Every structure is written in C-alpha cells, then in structure tokens.
Amino acid sequence: LSDSLIAELHETTQQYGSRPLGVGVVLAGYDTDGPHIVRADPSGDVTEMHGTSIGVGSESVKEYLEENVVKFENGKGILITLQIRLRYCSSIETKQSNRFLNITIAIVGKEMSFKIMENDEV
281 LSDSLIAELH ETTQQYGSRP LGVGVVLAGY DTDGPHIVRA DPSGDVTEMH GTSIGVGSES
341 VKEYLEENVV KFENGKGILI TLQIRLRYCS SIETKQSNRF LNITIAIVGK EMSFKIMEND
401 EV
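Heads up: the sequence shown begins at 281 in my numbering, then just goes up one per residue.
Just so you know, these hints were derived from the structure itself, not from any lab.
Be aware that a few hints might be false.
Stated by the list, open to error - The calculated label-pair distances, taken between Cβ atoms and stated as ranges, are:
#, residue 1, residue 2, range
1, E398, Q294, 19 to 27 Å
2, E339, T312, 28 to 36 Å
3, I396, G304, 17 to 25 Å
4, P322, E391, 33 to 41 Å
5, S338, I396, 26 to 34 Å
6, Q294, E346, 14 to 22 Å
Predicted model, so just to flag it, every value in this text is computed and none were measured.
Heads up, the beta-carbon is just placed ideally off N, CA and C, and yes, glycines get one too.
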C-alpha cells in the first residue's frame with residue numbers, strides 16, 4: 281500500500297505539464313521487522329522515521345521528537361511523551377494565533393490493531 285501511494289505521489293513530479301499533488305502523507309504500520317513510520321513529502325521524497333509531524337506548527341513537534349524520541353519496546357512511553365508535548369504545543373499556538381488546531385494521534389503495534397485515538401483519550 282505504501283509503495284503504491286508513494287509511487288503515485290512521485291509520478292506527478294515526473295510528468296511534463298503536471299503539478300505535484302501538494303500533499304504530505306505520514307504512514308504508520310507494523311510488520312515482522314517492527315513498527316515503521318514513513319513520511320512522504322509533496323516532492324516525492326520518502327523518509328522512514330521514529331516520529332514525525334506535518335502541517336502548520338509541526339516544526340516545534342519535530343524538534344521535540346528529534347531531541348527526545350527513544351525507541352520503546354511497546355511504544356507506550358513515546359505515546360505518553362508525545363501527548364504531553366502536543367497538549368503543550370496546542371495551548372501555546374492557540375494563544376498566539378487563535379487558530380484551530382487539528383491534531384490526530386494514531387497507534388499501531390505488535391498485537392495492537394491500528395487505532396485513531398479519540399480527543400478524550402489524548
């Protein structure tokens with residue numbers, strides 16, 4: 281699935297007269313090698329990461345992840361840390377810009393189905 285999606289994103293950058301889709305995508309999944317997070321940029325660049333963010337205001341979250349992300353065996357530690365940081369970022373950004381923030385957190389792991397967390401769980 282990820283290869284197909286990324287190929288489609290990249291194809292639009294290679295065709296004469298065609299504009300890139302202008303969309304960034306973060307894919308998360310779990311296979312026999314463990315958890316994977318893949319980020320595909322509008323340019324077609326693909327990078328596998330331990331954690332990432334996209335969209336308006338994502339730079340502060342990315343900086344935090346670069347400095348603080350540690351691989352955890354079950355992934356629960358990173359989720360808790362990320363939730364705390366997202367709450368902190370959203371409270372600052374809302375006060376500074378009065379913009380609506382759209383933050384979605386999803387988890388996936390060994391013996392754990394993909395789940396998008398509800399607002400009250402975050």
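To see whether the hints hold, each was checked on the structure:
no. : hint                    : verdict
1   : E398 / Q294: 19 to 27 Å : violated (40 Å)
2   : E339 / T312: 28 to 36 Å : holds (34 Å)
3   : I396 / G304: 17 to 25 Å : holds (18 Å)
4   : P322 / E391: 33 to 41 Å : holds (34 Å)
5   : S338 / I396: 26 to 34 Å : violated (18 Å)
6   : Q294 / E346: 14 to 22 Å : violated (30 Å)
When held up to the earlier numbered hints, the structure conflicts with 1, 5 and 6 and fits the remainder.
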